[in-house]
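Enquirer: What follows is each chain in one-letter form.
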Amino acid sequence: MKTELLQPLLRREPLEEIAMVALEFGRLHMETGASARGVEEITAQVAAGLGAECADVRVGYASLVISIGIGPDWITRMRKVGPLGVNQRLYHTLRTAAAQIERGGFTVTQARAELDRLVRASPFHPDWLVAPAVGVACAAFGRLLDVDWAGVGPIFAAAALGHIVRRQLALHNLNVFLSATVVAFLASMLCGLAARWTGSQTVARDMIAPVLLLVPGVPSFNAQFDILQGRPTLGSARAVWVVGILVFTTIGVWLAQDLLGQGR
Amino acid sequence: MDFSLLLHHTVCGGLAAAGFGVLFNVESRGLSWCAASGALMLAARTVALERGWSMEAATFVAALAGGIAVQLLPSISCVSRDVLHLVGCIPMVPGAFATKAILGLFAITTLHPTAAGETFLTALDNTLQATFTVGALGTGLAIPTLLLRAHRIK
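Which chain is which? The protein sequence lines are A and B, in order. Residue numbers for the first sequence follow my numbering, beginning at 1 and rising by one. Residue numbers for the second sequence follow my numbering, beginning at 1001 and rising by one.
Quick caveat, the hints were computed from the structure, so don't treat them as lab data. Misleading hints may appear alongside valid ones.
Unchecked claim - Derived, one-sided and incomplete: chain A residues facing chain B with beta-carbon distance under 8 Å: (1) Arg89; (2) Arg95; (3) Ala133; (4) Phe141; (5) Ile208; (6) Leu212; (7) Val218; (8) Phe221; (9) Gln224; (10) Val247; (11) Leu259; (12) Leu260.
Glycine included, C-beta positions come from ideal geometry on N, C-alpha and C.
Just chain B, same shape as in the assembly (with noise of 0.2 Å):
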């Protein structure tokens, strides 16, 4: 395990979720919430990559156990679990591949057909990683939503 690694990732994941705390209005005091949420879900997404897992399933595991810790909090009365579950996994979202997916996609049209594997390849390598990871996220968020929140309220 890359100690140093998982460290970096752990801040640069709760800076990237302040930052869009911030962007969402968040109120000031809710900030360090988010950056704590953030943090742990890139802390447990590295954890899950570097143990060999696909990013998929890290990005699934570590959005559930984001989303069940901040279920499981304390009512907290800045904000909502809700926001705080999906601010935290902002720096999840593979905006990045989304966009070398489409890139590659416009570069397709530009070249030859029989010059277009390669490229064609990596760019549905994106599109698929960029989908999963979306839906692998958005089902990560929703279960502990789902079953923790209405446990609540019985």
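For reference, chain A alone in the conformation it holds in the complex (with noise of 0.2 Å):
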């Protein structure tokens, strides 16, 4: 009798921690930059190859939940989301593994061990490289705007900088919004002041080059995806955020070109 009774319990364990390490997989997937159906597909992936019979996922902007099922038993666990960046490197990395385990062979703990692995051997690239690689692209951004070549230096050396201030601020947990308009004005400023300083003839259009590190692209990009793969409510979310960026960051640049006379 006492171990009819213990029988539900002893199998609710492995169900626990199938859904926990599913949504551990989910949760590291969406913060790296994934879409909702990627993160739905990676869930139920490694759910599915840890045991679950029938898997459901729901994303959320700042949360996301799993119901799963083995036999007659069921349960629904809820694991929140941190602040949505992009990490490629790690995004592929979890699909390959997630795709392993569903092929099987993973208990849970071997699982909860390899995605450990792969979070710290999943490096970044250092800042000595990111920065000039920003600064080249907004400044091939900068001539995709008919920047002359007199204001490219400018844009190349504020984007950069730019950078710099948005990683430290990042590490001392400012405000999201905030932050990009810190950095907009920054950027647009000195990127002002050094195009005048090279003759540049198109300065208005140069300060406004440096600030498109902060346009949100990948998020706009899955607020379209998600919408057009049926999440309209994660999907009007992540638009919401990007057009929230968008207005910071353009408060930056028109204080920037309010100071220095631009663009009037």
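Reassemble the complex: the two chains are provided individually, in unrelated frames, and hints are given to aid placement.
Expert: Structure representation (structure tokens):
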């Protein structure tokens, strides 16, 4: 009698662990820039590979929910999602690992150990490489916007500096919208001053190019993907966030242009 | 067809995509693929613009062509197709139009209503161009992913 009463509890523990590991994969995938469908896929793949017979996933802007079942037993668990960014390297390795887990042969403990290993073994490019790369990207953007050659150097320097400042503000946990205004103001102001010094004839356009690093391209695409793929709630939330970042970025540019008397 | 303009835009598209590839933490081995993706899409858009197409139509065709090319590529171990396609589209994101649109809207509030007409029209034009271009990019991105990826899964 006692064993019969304990049986559901004993079966519940693996379900709990399966749900939490699957949610952890989904959370990390979302934080690395995945669309809702990608998050649903990876979470369900991990749950299925670890033995769940059914898995239903709901992806929200700041949380994930999964219901999984084995036979008559079902549980539902929720996990908070952190700030959404873009980390392609971890995104790619998570997808590969989830596909391996889905093929079978992993226990819950092994899957969690694999996840921990992937997170530890996913390095970032060093800042000394990222800052000039961002500078080059924004300078190229500038040329696509028809800025003259005298404006290219200032855009490169201002965007690189803007990236460094943004990283520092993120490390100090400054609100992302305020950070966008501060970075946009500094980058735009520096670029405007330097572009005047180099004799650029397109100063107003020069001042916009270095803030293009702040334009949330990936979230805006994900917003559309989510809406097109039947998740309008999450897609709308992402779109509102994108508009917010654009407005706060523009405030920084506007302040800088106003101080330098540009754009009137 | 202005080939120097095409070359210029192709190189700039490649550089912008590779730069954003670094920012998005794409592996070093995958950066050349990112550059190729961005260069291809900017070249396609420039050709379409040179043929007199609108920015929105040219952007849609470029994103669609890039997406088809990326989805038909053999599997690349260091970067996923989705990301490759997405990074290639980044140089076409109308961030400058969006910024100009919001700056224009700010400017309207400081003008007398009778003098705000031209500023309003410019701001509206930039807003619509940014909105429709983002829509064109997103649709061009989504169609190959939805169709060709589903076909591959079958």
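Enquirer: Each hint needs a verdict: does it hold in this structure or not?
Expert: The hints, checked one at a time:
no., hint, in the structure
1, Arg89, "holds, 5 Å"
2, Arg95, "holds, 6 Å"
3, Ala133, "holds, 4 Å"
4, Phe141, "holds, 5 Å"
5, Ile208, "holds, 5 Å"
6, Leu212, "holds, 5 Å"
7, Val218, "holds, 6 Å"
8, Phe221, "holds, 6 Å"
9, Gln224, "holds, 3 Å"
10, Val247, "holds, 6 Å"
11, Leu259, "violated, 14 Å"
12, Leu260, "violated, 14 Å"
The structure shown violates the earlier hints numbered 11 and 12.
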